[in-house]
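A.B. asks: Spelled out from the first residue to the last, the chains are:
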Amino acid sequence: MNELIRCENVSFSYENADVLKNLSFSVGEGDYLCIVGENGSGKSTLTKGILGLKQPAEGRIIKSDSLRSGGIGYLPQQTPAQKDFPASVSEVVFSGLLGRSGFHPFYTKKDKQDAYDNIKRLGLEGLIKRSYRDLSGGQQQRVLLARALCAGKKILLLDEPVTGLDPIVTEEMYKIIEELNHEEKITVIMVSHDISSAVKYASHILHLNYDKSFFGTANDYLNSPIGRRFFSDE
Amino acid sequence: MGVCLHGTGELLHMELFEIFEHTFMLRALVGGILISLCAALLGVSLVLKRYSMIGDGLSHTGFGALAIGAAAGFPPLEFAIPIVIAAAFLLLRISENGKIKGDAAVALISTSALAVGITVTSLSGVNIDIESYLFGSILALSDSDIVLCVIVFAVVMTMFILFYNKIFAVTFDESFSKAIGMKAGIYNIIIALLTALTTVIGMKLMGTLLISSLMIFPAIISMRIFSRFKTVVISSAVISVIGFFIGLCISFYYSTPAGASVVLVNMFMLLISSTISLIKRRRAAAVSS
Numbered sequence: 000m001n002e003l004i005r006c007e008n009v010s011f012s013y014e015n016a017d018v019l020k021n022l023s024f025s026v027g028e029g030d031y032l033c034i035v036g037e038n039g040s041g042k043s044t045l046t047k048g049i050l051g052l053k054q055p056a057e058g059r060i061i062k063s064d065s066l067r068s069g070g071i072g073y074l075p076q077q078t079p080a081q082k083d084f085p086a087s088v089s090e091v092v093f094s095g096l097l098g099r100s101g102f103h104p105f106y107t108k109k110d111k112q113d114a115y116d117n118i119k120r121l122g123l124e125g126l127i128k129r130s131y132r133d134l135s136g137g138q139q140q141r142v143l144l145a146r147a148l149c150a151g152k153k154i155l156l157l158d159e160p161v162t163g164l165d166p167i168v169t170e171e172m173y174k175i176i177e178e179l180n181h182e183e184k185i186t187v188i189m190v191s192h193d194i195s196s197a198v199k200y201a202s203h204i205l206h207l208n209y210d211k212s213f214f215g216t217a218n219d220y221l222n223s224p225i226g227r228r229f230f231s232d233e
Numbered sequence: 000m001g002v003c004l005h006g007t008g009e010l011l012h013m014e015l016f017e018i019f020e021h022t023f024m025l026r027a028l029v030g031g032i033l034i035s036l037c038a039a040l041l042g043v044s045l046v047l048k049r050y051s052m053i054g055d056g057l058s059h060t061g062f063g064a065l066a067i068g069a070a071a072g073f074p075p076l077e078f079a080i081p082i083v084i085a086a087a088f089l090l091l092r093i094s095e096n097g098k099i100k101g102d103a104a105v106a107l108i109s110t111s112a113l114a115v116g117i118t119v120t121s122l123s124g125v126n127i128d129i130e131s132y133l134f135g136s137i138l139a140l141s142d143s144d145i146v147l148c149v150i151v152f153a154v155v156m157t158m159f160i161l162f163y164n165k166i167f168a169v170t171f172d173e174s175f176s177k178a179i180g181m182k183a184g185i186y187n188i189i190i191a192l193l194t195a196l197t198t199v200i201g202m203k204l205m206g207t208l209l210i211s212s213l214m215i216f217p218a219i220i221s222m223r224i225f226s227r228f229k230t231v232v233i234s235s236a237v238i239s240v241i242g243f244f245i246g247l248c249i250s251f252y253y254s255t256p257a258g259a260s261v262v263l264v265n266m267f268m269l270l271i272s273s274t275i276s277l278i279k280r281r282r283a284a285a286v287s288s
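Residue numbers (numbering that gives the first Met the number 0), protein chains in the order written: chain A, 0 to 233; chain B, 0 to 288.
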């Protein structure tokens with residue numbers, strides 16, 4: 000199996016305090032990796048590291064060449080400013096194309112076709128002219144997912160994609176992500192608070208815990224000391 | 000001001016286009032429209048990025064710079080432009096690094112600059128017309144001011160159109176833009192640079208105290224009525240020009256201060272747009288129930 004991302008003995012620090020230490024894991028093509036851990040365990044730091052926005056203090060993060068061309072499809076957490084932002088669905092989805100256009104000022108026809116394909120793929124055709132701010136939480140997440148697919152076809156990095164969604168929409172969102180992973184063979188990395196869903200859907204789990212992080216398959220995780228501790232509470 | 004030379008009764012009979020046969024009015028119209036357009040385009044992005052007060056902060060910095068420039072015998076506008084650009088970078092940097100929050104940073108810089116400006120003015124003994132800095136002197140634009148307006152307009156328009164998609168992306172979601180490899184920092188700098196340029200020239204028109212209204216009002220008004228980014232940008236350009244034109248005409252007919260008249264017209268348009276958006280929402284609620 001092709002390896003897309005590999006972390007070797009990575010440490011991250013903020014203002015000289017270590018957040019994560021000696022972390023190693025790898026993500027292969029078609030994997031579905033869930034990154035879990037408590038608040039402050041370094042989930043967002045690692046996210047930035049994977050995106051290349053923060054350099055590790057030690058160790059290295061190696062990305063395969065195939066990611067250079069397409070990039071990583073990132074779905075960040077929503078910001079308060081977006082709540083009243085006037086933008087149509089197509090405007091938001093199109094902005095996912097900008098990573099590849101370099102200094103080219105306008106979208107090409109082929110780019111636009113790509114974006115429309117992703118809009119269709121997530122069932123948003125009917126909403127294309129609607130305003131992002133008037134959509135429901137689940138619809139907004141689907142729009143952001145379509146934008147993420149425009150930015151990266153091979154791998155998606157989802158930062159707590161179900162936060163603030165009601166249980167039914169949360170389940171729908173998990174189903175959509177599962178479909179993208181199973182049927183379209185898109186690699187998924189998801190940062191999540193929801194450990195039970197993580198174990199249900201993911202192939203691999205990365206549980207961040209300073210210098211004693213766990214990385215392995217979801218099944219191994221259930222039998223590991225750290226995983227057992229979480230599930231015995233429930 | 001030239002306006003006062005005429006009797007009001009005679010003015011009211013003047014045809015609309017006749018008032019622009021006065022050179023000073025024509026200059027005011029051209030300069031004002033060009034700068035209103037720039038301000039409106041940038042304003043949408045600034046309001047959405049929660050940088051509404053940046054124009055205000057920069058104009059006060061501009062006032063300080065103008066005062067120092069005048070006291071030292073430099074041409075004031077040319078002297079102020081680089082200083083205001085530097086202040087724009089500084090404001091963005093400070094709000095990014097987060098030790099002092101953006102709104103506090105703006106307040107600190109703008110009041111400091113105002114204090115410096117007023118102190119320098121009174122110490123230097125140079126007779127500077129503070130009022131014309133504070134409230135603008137749109138009816139006293141020179142040919143070189145108009146040239147400057149045209150240059151700034153050309154720069155802002157070109158940059159805005161070329162970087163339109165990118166400006167949208169960094170305005171909507173900066174962390175996503177960074178993640179997909181866009182140099183979000185560069186586009187923030189471009190926005191700051193264009194804002195600084197527009198602010199300095201706009202000060203001459205609207206004055207230090209009122210220039211930020213040219214940026215904020217049209218954006219807020221359009222955001223209430225329209226819901227696509229492109230429509231909001233275009234409509235705020237149109238609203239800005241209409242507001243300026245009506246304000247200028249009112250100031251001519253009734254001898255009111257030009258800058259303040261433009262702001263009052265904008266305020267009136269905001270009230271109308273709020274009513275429209277209220278009705279729209281009521282209707283939408285009625286349809287959905």
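If you are wondering where the hints come from, they were derived from the structure by calculation, not from laboratory data.
For glycine and all other residues, C-beta sits at the position ideal for the given N, C-alpha and C.
Just so you know, not all the hints are guaranteed correct.
Label pairs and their in silico Cβ distance ranges [claimed, not checked]: (1) Lys109(A) to Arg92(B): 48 to 58 Å; (2) Ala16(A) to Ala106(B): 24 to 34 Å; (3) Ile129(B) to Leu66(A): 53 to 63 Å.
Computed cross-link-like contacts, DSSO-like style, restricted to lysine-lysine with a CA-CA straight-line distance of at most 30 Å [unchecked claim]: (4) Lys82(A) to Lys48(B); (5) Lys100(B) to Lys108(A); (6) Lys20(A) to Lys199(A); (7) Lys177(B) to Lys53(A); (8) Lys62(A) to Lys82(A); (9) Lys177(B) to Lys62(A); (10) Lys100(B) to Lys177(B); (11) Lys119(A) to Lys177(B); (12) Lys229(B) to Lys108(A); (13) Lys100(B) to Lys174(A); (14) Lys128(A) to Lys229(B); (15) Lys153(A) to Lys184(A); (16) Lys152(A) to Lys128(A); (17) Lys100(B) to Lys128(A); (18) Lys229(B) to Lys111(A); (19) Lys82(A) to Lys229(B); (20) Lys119(A) to Lys53(A); (21) Lys100(B) to Lys119(A); (22) Lys47(A) to Lys48(B); (23) Lys128(A) to Lys53(A).
A.B. asks: Hint by hint, work out which the structure violates, then give me just those numbers in ascending order.
C.D. replies: 1, 5, 8, 13, 17, 20, 21, 23
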